[in-house]
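Just so you know, the protein sequences line up as chains A and B, in that order.
Reading the first sequence from the start, the letters are residues 3 to 463 in the numbering used here.
Reading the second sequence from the start, the letters are residues 19 to 448 in the numbering used here.
These are calculated hints, taken from the structure and not from any lab test.
Treat the hints with care, since some could be wrong.
To be verified - Some chain A residues well away from chain B (every beta-carbon gap over 10 angstroms; in silico): (1) Ala-334; (2) Arg-390; (3) Ser-411; (4) Arg-443.
As the list claims (entries may be wrong) - The calculated label-pair distances, taken between Cβ atoms and stated as ranges, are: (5) B:Ala-270 x A:Arg-390: 51 to 61 angstroms; (6) B:Pro-332 x A:Cys-189: 35 to 45 angstroms; (7) A:Ser-5 x B:Lys-27: 54 to 64 angstroms; (8) B:Gly-336 x A:Gln-290: 45 to 55 angstroms; (9) A:Gln-290 x B:Gly-408: 24 to 34 angstroms; (10) B:Lys-27 x A:Leu-198: 44 to 54 angstroms; (11) B:Gly-335 x A:Lys-297: 32 to 42 angstroms; (12) B:Glu-31 x A:Lys-428: 51 to 61 angstroms; (13) A:Pro-218 x B:Glu-374: 40 to 50 angstroms.
Because the structure is a prediction, the values reported are computed rather than measured.
Each residue gets a CB set at the ideal place from its N, CA and C atoms; glycine is no exception.
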Amino acid sequence: MPSAALIKEFEAVVGKDNVFTSEADRQSYSYDSAVLDAVVPSLVVRPTSTEQLGKVVRLCNENGNPITVRGAGTNLSGGTIPDPREGIVILTNSLNRIIEINEEDLYAVVEPGVVTAKFAAEVAKRGLFYPPDPGSQAVSTLGGNVAENAGGLRGLKYGVTKDYVMGIEFFDVNGGLVKTGSRTVKCVTGYNLAGLMVASEGTLGVFSNIVLKLVPPPQASKAMMAVFDDVNKASEAVAGIIAAHVVPCTLEFMDQATIRYVDDFTKAGLPRDAQAILLIEVDGHPGQVADDAEKVEKVLNKVGATEIKVAKDAAEKFKLWEARRNALPALARAKPTTVLEDATVPRSKIPAMVKAINDIAAKYNISIGTFGHAGDGNLHPTILCDRRDKHEFERVEHAVDEIFDVALSLQGTLSGEHGIGMAKSKWMEKETSKATIEFSRNMKRAIDPKYILNPGKIIGA
Amino acid sequence: MADLTKLAKLLQELDDQMVGCMKCGMCQAVCPVFAETMKEADVTRGKIALLENLAKEMIHDAAGVQEKLNKCLLCGSCGANCPSGVKVMDIFLRARVIVNTYMGLSPVKKAILRGMLTKPALFNALLDLGSKFQGIFTTKVDELLGSSCSKVLSPVIGDRHFVGLAKESLHSKVKALDTPAGKSGKRVAFFPGCLGDKMFVSVAEACLKVFEHHGVGVYMPEGQACCGIPAISSGDRVAYDKLVRINLDLFAKGSFDYLVTPCATCTATIKEIWPKLMEDYPAAMRDQIRTLHDKVMDVNQFVVDVLGVAPEAPAKGGVKVTFHDSCHMKKSLGVTAQPRALINMNPKYELVEMAESDRCCGSGGSFNLSHYDLSRQIGERKRDNILATGAQVVSTGCPACMLQMTDMLSQHGAKVAVKHSIELYADSLR
Ligand SMILES: Cc1cc2nc3c(=O)[nH]c(=O)nc-3n(C[C@H](O)[C@H](O)[C@H](O)COP(=O)(O)OP(=O)(O)OC[C@H]3O[C@@H](n4cnc5c(N)ncnc54)[C@H](O)[C@@H]3O)c2cc1C
Ligand code: SF4
Ligand code: SF4
Ligand code: SF4
Chain A
3 MPSAALIKEF EAVVGKDNVF TSEADRQSYS YDSAVLDAVV PSLVVRPTST
53 EQLGKVVRLC NENGNPITVR GAGTNLSGGT IPDPREGIVI LTNSLNRIIE
103 INEEDLYAVV EPGVVTAKFA AEVAKRGLFY PPDPGSQAVS TLGGNVAENA
153 GGLRGLKYGV TKDYVMGIEF FDVNGGLVKT GSRTVKCVTG YNLAGLMVAS
203 EGTLGVFSNI VLKLVPPPQA SKAMMAVFDD VNKASEAVAG IIAAHVVPCT
253 LEFMDQATIR YVDDFTKAGL PRDAQAILLI EVDGHPGQVA DDAEKVEKVL
303 NKVGATEIKV AKDAAEKFKL WEARRNALPA LARAKPTTVL EDATVPRSKI
353 PAMVKAINDI AAKYNISIGT FGHAGDGNLH PTILCDRRDK HEFERVEHAV
403 DEIFDVALSL QGTLSGEHGI GMAKSKWMEK ETSKATIEFS RNMKRAIDPK
453 YILNPGKIIG A
Chain B
19 MADLTKLAKL LQELDDQMVG CMKCGMCQAV CPVFAETMKE ADVTRGKIAL
69 LENLAKEMIH DAAGVQEKLN KCLLCGSCGA NCPSGVKVMD IFLRARVIVN
119 TYMGLSPVKK AILRGMLTKP ALFNALLDLG SKFQGIFTTK VDELLGSSCS
169 KVLSPVIGDR HFVGLAKESL HSKVKALDTP AGKSGKRVAF FPGCLGDKMF
219 VSVAEACLKV FEHHGVGVYM PEGQACCGIP AISSGDRVAY DKLVRINLDL
269 FAKGSFDYLV TPCATCTATI KEIWPKLMED YPAAMRDQIR TLHDKVMDVN
319 QFVVDVLGVA PEAPAKGGVK VTFHDSCHMK KSLGVTAQPR ALINMNPKYE
369 LVEMAESDRC CGSGGSFNLS HYDLSRQIGE RKRDNILATG AQVVSTGCPA
419 CMLQMTDMLS QHGAKVAVKH SIELYADSLR
């Protein structure tokens with residue numbers, strides 16, 4: 003626990019009610035959604051204005067207390083597990099104002115603690131669209147999204163969070179306010195520090211304001227589902243759709259194991275023998291949507307989908323999506339512990355990846371259901387286990403290692419969207435190079451000499 | 019100080035259920051308490067993490083965990099929305115029994131829960147007396163008590179504007195009933211619930227009117243006890259067991275097709291909590307509980323699903339009424355269409371939906387007494403949603419919510435009447 007005097011100083015900045023010292027409160031900020039060991043922070047501070055945020059950062063640095071900024075704590079890589087050396091957690095959930103939604107210039111300015119879905123809804127009210135839609139959007143914060151470069155279902159056509167970040171104001175370790183990017187579409191004023199902040203997981207600076215790009219919403223959409231008796235055919239379908247110059251807004255994949263778990267859970271009568279299901283949605287102008295849907299159907303028929311269902315209206319579309327919506331709930335219910343992985347490969351390598359995952363599951367005698375974003379090769383092999391079973395969990399760890407090995411050998415990447423955090427930092431050098439890690443560490447040392455900004459994440463200690 | 023190792027051992031029985039929580043944090047989206055305090059320890063994920071740590075002896079401050087555990091509406095929103103299907107209510111109720119018993123019930127609570135609630139005759143007599151002297155019954159009860167129904171036990175508290183005890187309770191008006199099935203061919207056991215018996219007598223009377231109209235025979239025995247929710251949510255297993263036994267004995271004496279209540283909380287308690295907590299009972303009692311689990315039904319559901327009442331088309335042009343989905347009704351029982359159907363049966367009204375109709379009103383029982391300010395903040399969001407519809411009446415299927423909404427609306431000086439959906443339907447008959 004920090005000294006009484008330091009606690010007093012924090013209280014003077016944010017008020018007594020916003021400094022949490024009790025054991026129960028501190029323990030509830032010791033974990034996030036990653037399956038990792040918890041670390042209890044020595045103090046939790048909740049600024050209610052960005053000005054306070056800067057002062058809190060400076061105080062931490064002056065006293066050498068490691069900082070871990072926390073939004074909703076839903077990241078899957080241990081990015082918000084605090085440092086064991088008198089680590090302090092800074093909460094952003096009281097920095098939740100939407101400062102501006104500019105309908106003329108199509109941007110918004112937000113504080114980092116704004117919840118993604120609330121923001122998207124406010125934007126939609128004004129007839130505009132903020133596309134990034136991580137599965138956690140009902141609770142995740144925009145600051146967390148930027149710091150993890152969160153993706154979502156719409157990644158293929160609309161891109162991911164980084165494609166919507168126009169500018170960021172952030173505090174450096176000394177509490178100085180750094181301004182980067184702007185409200186204009188074009189901006190080359192200085193280094194692209196906003197780009198550097200994306201996916202930085204709280205290790206380089208603490209965001210206080212974010213400028214996000216907005217787009218006009220699509221006017222129409224059409225959803226369909228295709229069933230395959232062979233993963234290769236599903237993959238051919240994906241390639242065929244892209245080759246036909248159609249970019250669906252979503253192109254989701256579920257493997258056989260996932261289909262069966264979902265069917266066990268929903269009793270919806272899904273094709274249990276199918277090797278894969280694709281859920282496809284195209285959007286845009288009504289005319290274009292009709293054209294695109296026709297092209298997609300053609301491709302699906304050509305590659306030999308065993309069944310194709312096209313939703314005729316919103317209600318049918320909702321029903322089609324039910325299977326995908328239930329993928330995680332069904333998998334999560336099957337066993338106590340759910341390890342949600344994120345290995346990503348070039349999309350043509352999906353069949354090889356799915357096969358490798360199934361082989362690994364058999365080799366280690368564990369259950370894995372794979373679903374994910376087929377359009378961008380971002381698969382979520384989801385390992386179902388019981389972390390209390392030490393032997394099984396050891397096998398799970400080996401399996402995860404092998405999944406990464408395979409992903410890298412297929413020229414893929416460790417993480418498509420869940421971040422490196424603590425969970426995958428030991429793999430960084432393998433995907434990149436020694437020089438990459440050194441470069442990153444040197445950069446960090448220069449801007450954070452005391453190494454207090456979320457130490458241990460991404461590039462290790 | 020309590021022996022933590024012993025407490026930890028007791029909590030380990032919950033491990034199989036707690037381990038299912040994958041710490042995804044999705045409960046933050048729906049927890050009404052979290053929405054106000056924005057503190058992780060107040061949301062399900064935090065509470066479960068703390069209980070796990072207590073079970074592993076990783077936390078020393080058991081009283082701190084107890085405080086967080088009790089700062090919860092038991093509204094079930096988190097469980098209903100949990101992607102991992104964690105049985106949150108099971109965990110919280112059992113944990114409350116373990117932790118609160120371990121830390122010791124306060125003498126006041128013991129006196130009320132065990133000394134009064136478990137003795138229906140005494141309880142009724144005291145409250146009948148209380149209704150005559152309501153003005154002077156002004157003891158401040160800040161003590162944490164069971165469910166919202168516990169307000170029955172403390173008629174005048176602080177500056178709250180809630181409905182007082184009825185001048186004449188149902189049990190003194192009607193005493194008991196045992197009538198044969200009429201034209202419907204059905205006979206129900208009627209459990210008005212404490213609030214239906216002692217505060218919202220008009221709700222219970224509306225039920226009786228509806229039964230009579232449809233030719234439903236009624237078995238309403240004298241001496242019904244509370245369903246037990248205030249006791250169990252305070253963690254008082256002793257009083258809870260007694261209450262369940264009194265009711266089981268009473269209903270074993272009658273024959274009926276359904277056990278009907280106008281209180282969603284009572285229905286949910288009998289249907290879900292009784293079977294959940296029966297493993298230590300003798301086999302005969304477990305059988306009785308299973309039977310009641312199958313027979314108990316919310317009154318709205320009974321009238322619509324069993325009696326087949328259905329509106330031809332939604333009524334239009336009448337007094338605007340909006341509907342609040344009580345947590346226990348929607349999230350525990352899955353009843354949402356039936357009360358709306360009943361409202362639509364009354365041509366004097368027109369149903370307009372409010373935003374977030376299934377968001378908890380903040381009543382949540384003990385909660386309202388122990389965390390009044392928080393409860394009020396949660397209730398204000400409900401109130402604003404009600405007011406935004408411009409409705410003159412707000413209807414719901416749970417007397418506990420009726421209390422909370424009355425409090426919130428009248429403090430604001432809003433002229434919105436609070437009615438049970440069965441009252442609106444009964445009003446359309448004859
Ligand atoms: C059920 C579920 C589904 C998910 N689905 C997806 C998905 O589809 N796509 C996806 O990409 N991810 C997904 N995730 C992962 C996670 O939700 C995202 O990473 C999200 O962006 C995290 O947001 P958060 O507010 O919870 O951030 P947190 O977990 O609180 O923080 C994440 C990181 O951001 C840093 N950070 C937060 N705020 C700031 C700030 N103001 N300044 C600097 N650093 C900051 C933290 O230090 C930490 O390193 C999912 C998670 C769950 C549990
Ligand atoms: S939603 Fe369910 S699984 Fe997720 S953190 Fe909350 S209780 Fe746990
Ligand atoms: S029961 Fe209701 S108040 Fe309690 S944790 Fe769940 S959502 Fe929150
Ligand atoms: S739930 Fe019903 S019976 Fe139980 S205490 Fe409340 S009103 Fe009484």
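Status of the hints after comparison with the structure:
1. Ala-334: The claim breaks: A:Ala-334 does not keep its Cβ more than 10 angstroms from every Cβ of chain B (closest is about 4 angstroms).
2. Arg-390: violated (6 angstroms)
3. Ser-411: Per Cβ check, A:Ser-411 is outside 10 angstroms of chain B; nearest 29 angstroms; holds.
4. Arg-443: holds (30 angstroms)
5. B:Ala-270 x A:Arg-390: 51 to 61 angstroms: violated (42 angstroms)
6. B:Pro-332 x A:Cys-189: 35 to 45 angstroms: violated (54 angstroms)
7. A:Ser-5 x B:Lys-27: 54 to 64 angstroms: The hint (54 to 64 angstroms, Cβ to Cβ) is violated, given that A:Ser-5 and B:Lys-27 are roughly 37 angstroms apart.
8. B:Gly-336 x A:Gln-290: 45 to 55 angstroms: holds (46 angstroms)
9. A:Gln-290 x B:Gly-408: 24 to 34 angstroms: violated (41 angstroms)
10. B:Lys-27 x A:Leu-198: 44 to 54 angstroms: Roughly 51 angstroms apart at Cβ, these two residues keep to the hinted range, so it holds.
11. B:Gly-335 x A:Lys-297: 32 to 42 angstroms: Violated, at about 50 angstroms.
12. B:Glu-31 x A:Lys-428: 51 to 61 angstroms: violated (37 angstroms)
13. A:Pro-218 x B:Glu-374: 40 to 50 angstroms: violated (28 angstroms)
Going down the numbered hints, you'll see the structure goes against 1, 2, 5, 6, 7, 9, 11, 12, 13, while the others check out.
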